[in-house]
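Starting from the structure of chain E, add chain L where the hints point.
These protein sequences, in sequence, are chains E and L.
Quick note: the first sequence uses this note's numbering, first residue 1, plus one each step.
Quick note: the second sequence uses this note's numbering, first residue 1, plus one each step.
These are computed hints drawn from the structure, not numbers from a lab.
Incorrect hints may appear among the rest.
Since the list gives no way to pick one copy over another, a pair counts as held whenever it fits inside one copy or between any two copies.
[Unchecked claim] Below are the SDA-like pairs computed for lysine to any residue, each with C-alpha atoms no more than 25 angstroms apart in a straight line: (1) Lys142 <-> Ser207; (2) Lys257 <-> Gln37; (3) Lys105 <-> Thr230; (4) Lys173 <-> Asp161; (5) Lys105 <-> Val273; (6) Lys278 <-> Ala198; (7) Lys257 <-> Glu44; (8) Lys105 <-> Val120; (9) Lys396 <-> Gly82; (10) Lys105 <-> Arg271; (11) Lys257 <-> Met33; (12) Lys507 <-> Ala26; (13) Lys292 <-> Gln390; (14) Lys517 <-> Asn416; (15) Lys105 <-> Met39; (16) Lys105 <-> Leu121; (17) Lys105 <-> Arg122; (18) Lys196 <-> Val449.
In case you want the letters, here they are:
2 protein chains.
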Amino acid sequence: MSAVRMLVAAALLGVSTSAVAQSDVARVIDEGMNRSQVMSTAHELVDGIGARLSNSTSMRRAEDWAVAKMQGYGLSNVRREGFEFGRGWDLVNSEVRMISPRPIKLTAIPVAWTPPTNGVLRAPIVIAPISERRHFDAYRGKLNGKIVLISLPGDGSEPTDPYFRRHDDAALKKLDEYRQPQHDEDSLEERLKRQKYAADLDQFLASEGALAWARISYRDGKLVHGAGYTYQVGMTPKLPGIEIAAEDYRRLARLAKSGDAPVLEVQSDVRFVDSDTKAYNIIGEIPGSDPKAGYVMAGAHFDSWAAGDGAVDNGAGSVVVLEAARILRTLGVRPKRTIRFALWGAEEQGLLGSLAYIDRHIATRPVPANAAADQYTSYWREGWPVQPRQGYGQLKAYFNMDNGSGKLRGVYAEGNHAAVPLLKEWMNPFASMGATAVVAAPTGGTDHVYMQSVGVPGFQFVQDPLDYGARLHHTNIDTFDHLKAADLRQASVVMAGMLLAAANSDKELPRPPLPSKPLPTDPFKYDYPKDR
Amino acid sequence: MSAVRMLVAAALLGVSTSAVAQSDVARVIDEGMNRSQVMSTAHELVDGIGARLSNSTSMRRAEDWAVAKMQGYGLSNVRREGFEFGRGWDLVNSEVRMISPRPIKLTAIPVAWTPPTNGVLRAPIVIAPISERRHFDAYRGKLNGKIVLISLPGDGSEPTDPYFRRHDDAALKKLDEYRQPQHDEDSLEERLKRQKYAADLDQFLASEGALAWARISYRDGKLVHGAGYTYQVGMTPKLPGIEIAAEDYRRLARLAKSGDAPVLEVQSDVRFVDSDTKAYNIIGEIPGSDPKAGYVMAGAHFDSWAAGDGAVDNGAGSVVVLEAARILRTLGVRPKRTIRFALWGAEEQGLLGSLAYIDRHIATRPVPANAAADQYTSYWREGWPVQPRQGYGQLKAYFNMDNGSGKLRGVYAEGNHAAVPLLKEWMNPFASMGATAVVAAPTGGTDHVYMQSVGVPGFQFVQDPLDYGARLHHTNIDTFDHLKAADLRQASVVMAGMLLAAANSDKELPRPPLPSKPLPTDPFKYDYPKDR
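One chain only, chain E, in its complex shape (with noise of 0.2 angstroms):
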């Protein structure tokens, strides 16, 4: 018998090879590349249960999904921790046809919490571009019984740059530059009024007996988003709205432009999900053997926009924590401390869910009892000082994925360069895999922006861009198809991999001051009475 068949044979038996001893991560990496499933808990999750707006029927199928998962593998203290949201909202269909001056189909979606049409509304359009508040009286009495398209139409676009690139090493290397703080300069005052302008608008618009109003998409070739943020309770704007693609959209303007007005027929068939007001964060762990050690984590958003399947942004942060999730639990790795895993709600309507787990886990911030709820998070941000919770300390490190689908080239160290030579110890077996840098470079934008904002080491990884940035994020081909499998494996063993040394470290990430309130970039800096 060959010495290779007397390993198979022993394997066939159940013969323990644990007697020998087995490097962690070469465990991760063979787990994580040879049996994967990230790609099949992908198809689940995005094409199966797809879309996954906050609260909307499809994003509690999708909760319960997840939680499902981490107790099929095997995480502990799987939970969702709920906090006040607002109301769901469920994208059924939705046609919108241009009837006059010829029929055409045109390429549309509603903008997320506007209230449906209730059947077709057929009405002319009329071109009012408005943007802000003064921009108002131009239109006073012209609006009745009209679909009102509130952009300015522009012009085609030239794609000169490639949709799709990874980056290369000069790209990495210009993020490990340090920058300046650059702190908002917006007082809170006028970050509240602008947060308003949309029901302003609705408002406005409905006084003046308009039907409907539609924007322009921000992209062309027929992609479309559909963003919308009125989700509170009692909030819900009189109006319909509805973003148009922007080659349909600019076809109308020109026509309205050159001849009589456009009719158009709008069916924006939407239901309000009132039956749970609170978004979840859901969360399960590996418990560590060392009670005191604390814990680290990592998370991505789970929610999405209603318009592709939610797969780049960010199912695909979402099942790379589910995927590392499974892999150590597969390994049956025992951490010396706790390694949390965490799907965020309502990312993408402020960072709600993590905001939620920061507020009550890690540090709160003073916001007045009387702040309205849309007005909350602009409060906690301005709320000085940083209050510590209990559980301050416990958080050791936290890991979010959320640029897409391109495998994981780095981490950003967000400013804190004290922490860049751990960081870069922890990453070093991946540098093969292309994992190699350790960025100064801070970014925004996502869940780890509010552990930052209290003090706590919080970071994102580095991914390769691919087409995130060009066409995917928030469109309509938001979809299976752009997730690609090899980066999402190589993620998945670098964030497992991570995650087991941080949790196994004997030394802790240095930690950033207790942030307090910062002073202006500019103190001698004169600006324009803003008219807003």
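Then chain L, alone, in the frame of chain E:
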């Protein structure tokens, strides 16, 4: 009074400045650049009338419009030259939805000249990749009551080349290389058999009890095309056919692989138009002063597919031909040779309009009297000898435009090397506008091809590619947005200038030899038997 004021006053008084010799080229450039109408003409055609599928209702509207346009410019002998084509087909509306395992609207388009569903057709899909007759057997007995998805799903794309680009010097230089003509090695019999494949597939699917078929779009990003070729009277297929966007098609295929077959609702609301089975070329001209000097001609196909508005393919070429006519008529030129302007019909179904023109006016080729309607073109291409008609020598130069909205960078000499010096001479004044390249390379696929095939000097312009091939050609985003105004102004000026130079030239373009049956390029080649 200043000298400037005197000139202005003279102009206002209608004082003629014709005593001062004006360069024709300078006048063409002045009229075409400073008083261009090309974009408003394009708007009328592309936005106002839209898609122009051969013999469709909107194509009839477009033909009326073009005749009126030519007459309005004061062209002479404006006429429609009809040729037998087949049925018209109007795409009225269409809806395709997946209703199980979850409801989602799909992006899809009926395939041209397939029959309507007559209401909503609801049925499960079956994935049955079929591209040749020999695949039929594998699916016998499995298609009854199904919507048959006949394409292999494949994978998503990674667009690493920019969609939009212009020719640089190196690209133009590369076109200027002699290429050995590659003669089609396919036998006439093989071609005729391949052509019958669509009918055989329809017959097979119908006999198996399938309800409809669907194919995948060959571009991703929710672009669809809908090209189909069963336009002949008596050849309409039994089953409705649809093209589904790549992302949506692949989702269906994955869901069918992992679970129960998805159920679709397909509504294909299309109508056949049988009032006139002829298609038409629209022709007008500026008469020459010397009746014996023959004529020069510019042309572009006027028909389009049904998915978009037929903007870059080939509204662009059509409006440039019209604008060149307008410029020359506005200047009141009186050329030696007649200048003829042609808008060809039915190019998309096999260059049928230009072929009809050639056969009627230039040269004919023997076709068996019993050839079926759908075999005529194949026989004509292979018919020897070429038999010149009386008008053969009259056509001195033909210029074709059919590569989108990009400006003219030169002209393909199409292997007619002897013509290069004179073409260069005519193009010289437009070098600073980017039109410099008289290149040897041949091009195919449009209306100069059959002129070449009978040995008359027909040429296609070289154009900047822009995003024509990458995303616009035959797609649902072939719309006005993607026309480039500066490019179309330039093209109109260069086309008008080239026509005028050709019409007035003392020299005539050298003519290629009368073609005779070419020898195989590789007479020693063996091939596998074909199993189609």
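Against the structure, the hints:
{"no.": "1", "hint": "Lys142 <-> Ser207", "verdict": "within (12 angstroms within a copy, 59 angstroms between copies)"}
{"no.": "2", "hint": "Lys257 <-> Gln37", "verdict": "between (54 angstroms within a copy, 16 angstroms between copies)"}
{"no.": "3", "hint": "Lys105 <-> Thr230", "verdict": "between (28 angstroms within a copy, 24 angstroms between copies)"}
{"no.": "4", "hint": "Lys173 <-> Asp161", "verdict": "both (20 angstroms within a copy, 24 angstroms between copies)"}
{"no.": "5", "hint": "Lys105 <-> Val273", "verdict": "between (29 angstroms within a copy, 20 angstroms between copies)"}
{"no.": "6", "hint": "Lys278 <-> Ala198", "verdict": "within (23 angstroms within a copy, 55 angstroms between copies)"}
{"no.": "7", "hint": "Lys257 <-> Glu44", "verdict": "between (47 angstroms within a copy, 12 angstroms between copies)"}
{"no.": "8", "hint": "Lys105 <-> Val120", "verdict": "both (14 angstroms within a copy, 17 angstroms between copies)"}
{"no.": "9", "hint": "Lys396 <-> Gly82", "verdict": "within (23 angstroms within a copy, 80 angstroms between copies)"}
{"no.": "10", "hint": "Lys105 <-> Arg271", "verdict": "both (23 angstroms within a copy, 16 angstroms between copies)"}
{"no.": "11", "hint": "Lys257 <-> Met33", "verdict": "between (58 angstroms within a copy, 23 angstroms between copies)"}
{"no.": "12", "hint": "Lys507 <-> Ala26", "verdict": "within (22 angstroms within a copy, 79 angstroms between copies)"}
{"no.": "13", "hint": "Lys292 <-> Gln390", "verdict": "within (13 angstroms within a copy, 101 angstroms between copies)"}
{"no.": "14", "hint": "Lys517 <-> Asn416", "verdict": "within (18 angstroms within a copy, 76 angstroms between copies)"}
{"no.": "15", "hint": "Lys105 <-> Met39", "verdict": "between (35 angstroms within a copy, 24 angstroms between copies)"}
{"no.": "16", "hint": "Lys105 <-> Leu121", "verdict": "both (15 angstroms within a copy, 20 angstroms between copies)"}
{"no.": "17", "hint": "Lys105 <-> Arg122", "verdict": "both (14 angstroms within a copy, 21 angstroms between copies)"}
{"no.": "18", "hint": "Lys196 <-> Val449", "verdict": "within (24 angstroms within a copy, 62 angstroms between copies)"}
When each numbered hint is compared with the structure, no violation occurs for any of them.
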